[in-house]
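**Student:** Residue-level listing of the chains:
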Amino acid sequence: MLEVRRLTKRYSSLPAVQDVSFSIAPGQILGCLGPNGAGKSTTVKMLIGLLQPSSGQVLFNGADIHSDLVGYRKQLGYVPEEPNLYPYLSGREYLEMVGTLRGMERRQRERKIADLLRLFSLHSHRDGSIASYSKGMRQRILLIAALLDNPALLIFDEPLSGLDVVTALVFKNLLRRLGECGKAVFYCSHVLEVVEKVCSHLLILRAGQVVAYAAADELPKVRKEASLEETFSQLVSEVDAQQVSDEIIQVVAA
Amino acid sequence: MKNREVAQHSRNFKDSPLYQLAKLKLGRMLYGANAESDEIEAGIGVALSLLTLPGAFLSLLLFNKYGSLLRLLRGQVRFDPYASSLPDEYLFIVLAMLVSGGVALWKWDTLFLDRRDTVNLVPLPVDTRQIFVASLLAISLLALIFCIDVNAASAVLFPLVVSASQESFLFFGKIAAGHVLGILAGSLFSFAAVFAIAGVFLAMLPTRAFQAISLFLRSLIAVVLLLLFASAFRVSQYIAQGAVPRHVGLRYLPSMWFLGMCQWARGAAGATLRHFAFVGLIALLITIAIGALAYALAYSRHFSRMAEVSAERAGSKVWRAGAIGSRILDVTVLRTPFERAAFRFALRTLLRSDRPRMAVAVFLAIGFVAASQLVMWNGIGAEGPTTAQYAAPLVILYCCILGLRYAFEAPVELNANWIFRFLIAPTLDECAVLAGKTIFLFVLPVIVAIAGVFVLRWSLVAGLLEGMVLIVLSATLIAGLVLTFRKLPFTCAKAGFQHNALVRILLHVLGVAGFAIVPAGIQHWANASAVRLLVLVPMMGVVWWGICVRRAEQLDIDRQIVFWDRGQDELELLNLNA
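Chain order of the listed sequences is A and B.
First residue of the first sequence: 39, per the numbering used here; consecutive thereafter.
First residue of the second sequence: 205, per the numbering used here; consecutive thereafter.
FYI, nobody ran anything at the bench for these hints, they're computed from the structure.
The reader is advised that the hints may include incorrect statements.
Claimed, not checked - Capping the alpha-carbon separation at 27 Å, the derived lysine-lysine pairs in DSSO-like fashion look like this:
#, chain 1, residue 1, chain 2, residue 2
1, B, K227, A, K173
2, B, K269, B, K378
3, A, K112, B, K218
4, A, K150, B, K218
Stated by the list, open to error - Across the chosen pairs, the derived CB separations fall in these ranges:
#, chain 1, residue 1, chain 2, residue 2, range
5, B, R333, A, S170, 52 to 62 Å
6, A, S283, B, G656, 53 to 63 Å
7, B, L252, A, G141, 45 to 55 Å
All residues carry an ideal CB built from backbone N, CA and C; glycine is no exception.
The following block holds chain A by itself, in its conformation from the complex:
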């Protein structure tokens, strides 16, 4: 469904992402891991067509996404890292706007919005302005907006930030079910535990380059390490976590 070929992005000759290649088939959940500055968000922005790659291609069903961006985005649901919504709109108004711009039929749109608001525990807040929402509530609005039009491809960039424990649990199960329903999911996160439990495939980035790309259960075996955490530490960590934490304690106590 989605195929990324040698994707590269340079900012004034400095490479942010270099030669990244991977593919996501229907039903697959690809988890993308990497430390800060690894190029995860840049990759996501290129996947949704927000950034033009310096070289390489993003293909959706065999065609370059830039050949028909509007058609591609009709099939795409996206949750950004920051819930940067319009604060003067209410949650329902925002979703109405998204549904309308997605070309959804009125009755179907209204019914889906009402149901999803209820299921994401936002029904009682639906007419309050987004300015009064907590970060978790805004994140839930973004999740609803991404799912509203039943897209074939879902791209989540740190969707769990700010979510409460119950919604995070629901989301983890939802992610698994989306995969079972045949959706292709690209899931960026810092939370190894969730990625390990939910994703079928893993992509690990470091300094803009792919350092590992394999099926989730195979990666530790290939690397001959006990867990994903160990694998991740070995692949991307440049510092000894234990040593740094000891030093922080020393500085704080000084």
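Please build the complex by placing chain B on the supplied structure of chain A, with the hints as guidance.
**Tutor:** Same frame as chain A, but now just chain B:
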């Protein structure tokens, strides 16, 4: 059947992307670029109401001039309403241009699409050309809304006032048509001109460079608008005297072009005004075309590439220049850690944040325009400074101090100040002291510069005396203004001046007399002998005594509010270990 079809069409239109996007953009412009609270939402209604007031007041004030009985009592038997109303029309046109241009400056940040739009709209299946068209449509609607709002009251009242003593409805129609055409064209031109200037610079410059010069540009446009307003009374005198053809410079004033349009619509324009009307029409069309073209260019250059531009603002470089100066301040003025930390916070916020910079720039622009008018109308003294020359620096300082005081009360974005909201001042009036010291340190360079000008223009003694007087008067005004200040600058949750803005404006206008006009008169009187300046000592003594008494009373009130008026605890802990 027809009703059902109309309802269906209306629903279809509301479901169209163009409608949704235009509605979204209009909302963003009305409620502010980054509005995060309901208070701003409430503000737009108040703003729309306030904007109708100047036109309404001016119309009502003119009733005295056009009432037939009053004219008869004054002995004005021959009265040509077309000619007599022309100077007033000019005032209305300038007022409409000032307010519309001011609104465009106010909404400057929201006129163009930003990062929030990119993140929210680009991932949706919407053609970017549709976003462009919808934005342009929304801006045109905004211009129309404000133009109608600003001119609505005067469009009805002024023609009624002028034609009150006339029996012909045709006369009323002519006056109304001319008036509406003149003020609407003036308003549209002013709004479109500001929009075109912003668009041209945004299309030409990189985003960061545009952000860097944005404040300067806005301040410059504000000064031009205020100068146009300040000159309106003199120009209307020329119009009343029929002296327009004699003053060649007047033909370059856009307001004169729209006066020509007004008189042309009345069917009473001479050759000069007909020419002005033609120039006005061409200028209006060109300005709108340039605005639309520049917007298209800016859109194609910036919107698609917005995701690539770093969020870092142009003005966010670390300010390191005054390292030695800040150490000197720490030893001499800022004596507690609280004052040092909060002063640096206030300084950096003022230098880097748009909202407070804009507030101070607007006040300074008003001050410079008022000061320049004072000097221009009252002449320049060769021997010693005139009263106007003494008053001008005081007016600038007065506006600067007021601007800083109000900027302190306007909250900056939460992510910039959250840490200071937790900080509690050690004593009740420490914030007031800090705010006073901060304002004083900000205006001190202005005082030094003014004193320097006096030294260069007249003598060292004149400069020193001027500097001394400015320091004493500024310190007194600042002490009075910060009496009730109980927060760190820029960290108030809600701007207090919103509740009694009109009363405050009135008080501040009256305050010019106390701060600038009276002391300037005394300074001029002291030109003969500097000893005469000692008259200021008892006057200042009385003012400071009043401030001290008021401060003590205010502290008592605040202590009662903080410590005595405490409600019962709502939460009780069960001591299960007992």
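**Student:** It remains to establish, for every hint, whether it holds in the given structure.
**Tutor:** Here is how each hint holds up against the structure:
Straight-line distance between C-alpha atoms of B/K227 and A/K173 comes to about 25 Å, which keeps the hinted pair within the 27 Å bound. The hinted pair formed by B/K269 and B/K378 meets the criterion: a straight-line CA distance of about 19 Å does not exceed 27 Å. Restraint check for A/K112 and B/K218: satisfied, since their Cα atoms lie roughly 20 Å apart, inside the 27 Å limit. Only pairs whose Cα atoms come within 27 Å are accepted, and A/K150 paired with B/K218 is accepted, the gap being roughly 19 Å.
One distance hint, 52 to 62 Å for the beta-carbon pair B/R333 and A/S170, is violated here, with the actual separation near 34 Å. Range check, A/S283 to B/G656: about 57 Å between beta-carbon atoms, so the 53 to 63 Å window is met. Taken as a hint, the range 45 to 55 Å is violated for the pair B/L252 and A/G141, whose Cβ atoms sit roughly 34 Å apart.
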